Structure formats: structure tokens, C-alpha cells
Amino acid sequence: MSFIFWTADLDTGFDDIDEQHKILVDHINKLYDVNETGDREQILNEIQGVIDYAGVHFGLEEQMLAEAQYPMLEPHKKVHQNFVTKMVDFQSRYENGDNEAVAEMLNLLDGWLFRHIRLNDHGYIDCVKKSGVRR
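Sequential numbering from 1 applies to the sequence shown in this note's numbering.
No lab work stands behind these hints, which were simulated from the structure alone.
The reader is advised that the hints may include incorrect statements.
Pair by pair, the computed Cβ-Cβ distance ranges are [said to hold, decoys possible]:
1. Asp39 / Leu73: 34 to 44 Å
2. Ala66 / Leu119: 29 to 39 Å
3. Asp11 / Gly111: 13 to 23 Å
4. Val79 / Ala8: 22 to 32 Å
5. Gly55 / Cys127: 22 to 32 Å
6. Glu19 / Gly123: 17 to 27 Å
7. Lys30 / Val88: 41 to 51 Å
Here are the computed lysine to any residue pairs in the SDA-like style, where the Cα-Cα straight-line distance is at most 25 Å [to be verified]:
8. Lys86 / Leu44
9. Lys22 / Asn96
10. Lys130 / Thr12
Only a predicted model underlies this, so the values are computations on that prediction, with no experimental measurement involved.
Where is the CB? At the ideal position from N, CA and C, for every residue including glycine.
Given the sequences, and given the hints that come with them, work out the whole structure.
This is how it looks when you write it as C-alpha cells:
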């Protein structure tokens with residue numbers, strides 16, 4: 001069962017970035033599903049999956065923004081870093097027996113990703129297109 005759904009208004013127009021965002025949505029949905037089972041090992045694996053894939057995506061996105069000389073790159077990177085820090089904190093809390101950490105993590109993920117795409121990521125589209133880095 002899906003927890004969150006991709007909608008066309010989230011598209012950036014960059015196929016690889018959009019695909020990565022959709023993969024993040026899939027990871028979040030998997031975390032939701034496995035959390036429903038209560039299987040701690042699978043939950044920990046999915047938490048790690050969200051963190052790992054977010055890191056991969058953020059790195060590729062930041063590289064694109066650097067190549068495009070996006071003027072808001074450093075603040076954008078800071079948003080990414082803050083996100084990963086929060087996810088690692090939730091992970092640590094869960095590993096240390098705080099079963100509410102996953103529900104809180106999912107609550108944050110429910111809105112964060114889409115707000116980030118609509119506000120932060122859509123903010124770089126024109127700059128990247130004008131730079132010629134992407135067509």
C-alpha cells in the first residue's frame with residue numbers, strides 16, 4: 001500500500017532527477033509498509049535505504065547545481081545536510097529502542113520531500129536550463 005504518491009506537479013523536467021525523486025518515494029513507501037509489519041531488522045534496512053538513496057540523489061543533484069553555477073547551492077546543500085542529520089537521528093533513536101522514531105520519521109517524510117521539491121528544487125530549474133548543463 002502506498003503512503004505517499006508522486007504527482008506530475010513535482011516534475012522538474014530533468015528525467016534523471018525526477019526518476020531519483022520517484023525512487024525516494026518508493027523507499028519511503030517501503031519503509032511505511034515494513035513498519036506496519038513490526039519487523040525491526042527490515043525496518044532498520046529500509047531506514048538505511050532511505051538515508052543511503054537520499055545521499056546518492058543529493059550528491060548527484062548538488063553536482064548538477066555546481067556545474068550550473070547555481071547561486072543558492074550552499075543553502076540547498078545545507079537543507080540536504082539537515083535532512084540527512086534528522087534521518088540519522090531517527091535511525092539512532094530507533095536502534096536504541098524508541099519505537100516512535102519511525103512514525104515520527106514517516107510523518108516528517110510525508111511532507112518534507114514534496115515541499116523540498118516544490119520549493120527548493122523547482123527554484124533551480126531555470127538556472128540549470130539557462131546554464132546549458134541540461135537540455
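Now for the hints, and whether the structure bears them out:
{"no.": "1", "hint": "Asp39 / Leu73: 34 to 44 Å", "result": "39 Å, holds"}
{"no.": "2", "hint": "Ala66 / Leu119: 29 to 39 Å", "result": "20 Å, violated"}
{"no.": "3", "hint": "Asp11 / Gly111: 13 to 23 Å", "result": "18 Å, holds"}
{"no.": "4", "hint": "Val79 / Ala8: 22 to 32 Å", "result": "23 Å, holds"}
{"no.": "5", "hint": "Gly55 / Cys127: 22 to 32 Å", "result": "23 Å, holds"}
{"no.": "6", "hint": "Glu19 / Gly123: 17 to 27 Å", "result": "20 Å, holds"}
{"no.": "7", "hint": "Lys30 / Val88: 41 to 51 Å", "result": "18 Å, violated"}
{"no.": "8", "hint": "Lys86 / Leu44", "result": "15 Å, holds"}
{"no.": "9", "hint": "Lys22 / Asn96", "result": "30 Å, violated"}
{"no.": "10", "hint": "Lys130 / Thr12", "result": "14 Å, holds"}
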